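> Sequence:
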Amino acid sequence: MPRMVQCVKLGRELPGLECPPFPGPLGQRIYEQVSAQAWRMWPQQATLIINHYGLSLGDPNAQQILMKAMEEFFFGEHAQVPEGWTPPTAAPAKGGPRRK
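Residue 28 in the UniProt record's numbering is what sits at position 28 of the sequence shown, and the numbering runs on without skipping anything.
The hints are simulated quantities; they were obtained by calculation from the structure and are not laboratory data.
Given the structure is predicted, the values throughout are model-derived calculations rather than measurements.
By construction, the Cβ of each residue, glycine as well, lies at the ideal position given by its N, Cα and C atoms.
Don't take every hint at face value.
[Stated by the list, open to error] Have a look at the derived ranges for each label pair, beta carbon to beta carbon:
no. : residue 1 : residue 2 : range
1   : 57        : 19        : 17 to 27 Å
2   : 59        : 4         : 17 to 27 Å
3   : 64        : 28        : 24 to 34 Å
[Stated by the list, open to error] List of simulated lysine to any residue pairs, SDA-like, C-alpha gap at most 25 Å:
no. : residue 1 : residue 2
4   : 68        : 1
5   : 68        : 41
6   : 68        : 2
7   : 68        : 43
8   : 68        : 33
9   : 68        : 45
10  : 68        : 52
11  : 68        : 40
12  : 68        : 12
13  : 68        : 21
14  : 68        : 57
15  : 68        : 46
16  : 68        : 44
17  : 68        : 55
18  : 68        : 20
19  : 68        : 51
20  : 68        : 27
With the sequences and hints as input, model every part of the structure.
Here's what the structure looks like:
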C-alpha cells in the first residue's frame, strides 16, 4: 500500500512520493507534503520557468531561481489548485505537417 500524504498542492489525501526527490530541507518537505500526482505537475512548470527566463541550469543563480519557483509552486500563498480542478488531458494530435 502506498504511503499517503495530505497534499498541500491538491488539497486532499493522495499517494506520496516513494522517497525525497532531492536532498535537503525542501526535498524533505516535498516528500512529506506533496503527492506523487502533484509532483508530476512540476516538470511542465519548470520548463515554462526555464524557457521564460532563459535559465541555464549550469549556473548556480539559475538553480536558485528554479528552487525558489518550486517552493512557491508547491507551498506559496496561491499554490493550491482550485476545488474541482482536474489535470488537462492531452489532446489528440491533428495530422502532422502537410507535404506538398
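> With reference to the structure, classify each hint as holding or not holding.
Against the structure, the hints come out as follows:
The hinted range of 17 to 27 Å is satisfied by residue 57 and residue 19, whose Cβ atoms lie roughly 22 Å apart. Checked against the hint of 17 to 27 Å, the C-beta distance between residue 59 and residue 4 comes to roughly 37 Å, which is inconsistent with it. Distance hint check: the CB atoms of residue 64 and residue 28 are about 18 Å apart, inconsistent with the given range 24 to 34 Å. Between residue 68 and residue 1, the direct Cα distance comes to roughly 32 Å. Violation of the 25 Å bound is thereby established for this hinted pair.
For the suggested pair residue 68 and residue 41, the alpha carbons sit about 16 Å apart, so the restraint of at most 25 Å is met. At roughly 28 Å between alpha-carbon atoms, residue 68 and residue 2 are farther apart than 25 Å, so this suggested pair is violated. At most 25 Å may separate the alpha-carbon atoms for a hinted pair to count; residue 68 and residue 43 meet this at roughly 14 Å. Taking the CA atoms of residue 68 and residue 33, the gap is about 17 Å. The hint holds against a cut of 25 Å.
Distance hint between residue 68 and residue 45 is fulfilled; the C-alpha atoms sit about 13 Å from each other, no more than 25 Å. Distance hint between residue 68 and residue 52 is fulfilled; the C-alpha atoms sit about 15 Å from each other, no more than 25 Å. At most 25 Å may separate the alpha-carbon atoms for a hinted pair to count; residue 68 and residue 40 meet this at roughly 18 Å. Taken as a hint, the residue 68 and residue 12 pair is honoured in the structure, with Cα atoms around 24 Å apart against an allowance of 25 Å.
In summary, the hint linking residue 68 to residue 21 is supported, as the alpha carbons are separated by about 15 Å, within the 25 Å threshold. Simply put, residue 68 and residue 57 have alpha-carbon atoms about 14 Å apart, close enough for the 25 Å limit, and the pair holds. For the given pair, residue 68 sits about 11 Å from residue 46 by alpha-carbon distance, which is consistent with the 25 Å threshold. As the CA atoms of residue 68 and residue 44 are separated by approximately 16 Å, the hinted pair is consistent with the 25 Å bound.
Restraint check: the Cα-Cα separation between residue 68 and residue 55 comes to about 13 Å, which is no more than 25 Å; the hinted pair holds. For the suggested pair residue 68 and residue 20, the alpha carbons sit about 17 Å apart, so the restraint of at most 25 Å is met. A threshold of 25 Å between alpha carbons decides the hint, and for residue 68 with residue 51 the separation of about 16 Å falls inside it, so the pair holds. The suggested pairing of residue 68 with residue 27 holds, with an alpha-carbon distance near 12 Å, which does not exceed 25 Å.
Violated hints for the displayed structure, listed by number in ascending order: 2, 3, 4, 6.
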